[in-house]
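Same order as they appear, the protein sequences are chains X and S. Note that the first sequence ends on residue 298 in my numbering; no numbers are left out. Note that the second sequence ends on residue 596 in my numbering; no numbers are left out.
Hints were generated in silico from the structure; no laboratory data involved. For glycine and all other residues, C-beta sits at the position ideal for the given N, C-alpha and C. Be a bit skeptical, because a hint or two may be false.
Now the stretches of chain X that chain S is said to cover, found in silico as 3 or more residues with beta-carbon under 8 Å [to be verified]:
{"no.": "1", "segment": "178-185"}
{"no.": "2", "segment": "217-227"}
{"no.": "3", "segment": "231-237"}
2 protein chains.
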Amino acid sequence: MGLKRRIAFQGEPGAFSQVAANQLTGDDSVLIPLETFEEVFLSVVNRKCHGAVIPIENTLHGSVHDNYDYLLKYDLSIRGETFVRVVHNLIAGPGVQFPLIRRVYSHPVALNQCRRFFEENPQIEKTPFYDTAGSVKMLMAKGLDDAGAIASATAAEIYGGRILKKSIEDDRRNFTRFFLLERPKRGPRFIKPQLIRPQSGVRFKTTVVFSTRNTPGALFRSLSAFALRDLNLTKIESRPLRGKPWEYLFYLDFLGHVEEPASRNALGHLAELADMMRVLGCYPIGEPAANTGSPGRK
Amino acid sequence: MGLKRRIAFQGEPGAFSQVAANQLTGDDSVLIPLETFEEVFLSVVNRKCHGAVIPIENTLHGSVHDNYDYLLKYDLSIRGETFVRVVHNLIAGPGVQFPLIRRVYSHPVALNQCRRFFEENPQIEKTPFYDTAGSVKMLMAKGLDDAGAIASATAAEIYGGRILKKSIEDDRRNFTRFFLLERPKRGPRFIKPQLIRPQSGVRFKTTVVFSTRNTPGALFRSLSAFALRDLNLTKIESRPLRGKPWEYLFYLDFLGHVEEPASRNALGHLAELADMMRVLGCYPIGEPAANTGSPGRK
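Just chain X, with the same shape it has in the complex (with noise of 0.2 Å):
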């Protein structure tokens, strides 16, 4: 088994990341849950995984900041994307009745994501916890007879739980993007996706990080490398830059492959506008998984 590529998540098992690890990598993976984001971007910078499924951004929360730094501080290259809508369900041990529950475990986030259930059964009583997947293993363990969890549809099959009730998230517009990211192929800092080349009938996105002067119009001026060339942005986000005020830092995400010209042309016109600019990544544009609906394609 020592051929199976090793890919790292944060999380316990069955937590989304593991969803989304399960759409982006092949039967021939062996998920690692690991504890820390910090700790899943080391795993591969050292060699321990091969690859890591992270969280990007969430429809509802926004982006996760803190995984974009590490893009920043660790050299590792965007491979995948994919969407996970985030699916809430009741999960109980084997035997467990509903009107047996009396109390329910999840992650406080995903408690109240899921305010319409508590108010429909009030004699259940909302019952914080870690994690999503890890209720599940808790109560599993524990062989609790009156209490459930929320959590994955997969944390239900991971840990043997059954599930009572599908889907009682109040929102389904909850989805979250996670990339899939692997040691860049030739060395550090100058990312080239060098295995993936465009294949007639696969769109490829490209994700960049760029940094602009205090000057009125530098954010105008960067986006004339993509607009010049009639390439679509999929995504723009300012975020200032530590300890210089009135600097920023961009994420941008644009439909192209790098070894396009005009991709090409635009990241070179970029790079001599901004005052730092790095490619983090192309990859196959991600499609959320069937039945799950879409979050907008973003």
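For chain X, the structure is supplied; the task is to place chain S on it using the hints.
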């Protein structure tokens, strides 16, 4: 006391939103804790409160898209901004000494932001709870003598807790930006910040939201409205429009007062170029309170 202004916020008394509300409103305000963000918006729409304080973005966790959605859904106007550094303190009951503490309660996000503290004190068990301030309230109500809570200094003050260790968070770059909202003064859907006028020495920021069509360069053209008038942007963020693939909503902040000619012209120009455009407010630039450092003055 019927003359006091009622200001709504989400969370328990002592939540970071209350810290922000204290920074944004004077002593003549009564702060009203509510359970959800939507209740907070509705309390102002329905004239039960005069204003509200909401978090809009965090330096580690990104924008609070929920609240941007409510800003679009409800006709409230941004009248002020402020920044709060998220400082986590270890709090316990008056007689409790640090060596006695075996469990510490708080929201899991706060517990995870104090990882170093727990590594250095392995005798203490992390115990997830709903809310940072709520964990202090519970601790004091139950008179626990072997437990602590992690929350703001304001929470310690409100519930009579004692701060045993200050600022135990791992990362001091953790700032949250808050908005003060009020009903617009003249009619709905046509927001003008009438009470605030440009005064010498006070700089203003304006927040707009707009959407663009699915064409390359659409954002570039929209930004020309600002670049051509030398207006400085301080935030830009894209968000996919639900159900409309490749169409985007943009949040944008720029330095300027809506009654200044350059700003007024830029907004007119933007309205011409965008599919939809709304001014969400114009307000004096916020600064973090003294001794809390700077988030980069976003």
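Here is how each hint holds up against the structure:
no., hint, verdict
1, 178-185, "violated (count 0)"
2, 217-227, "holds (count 8)"
3, 231-237, "holds (count 7)"
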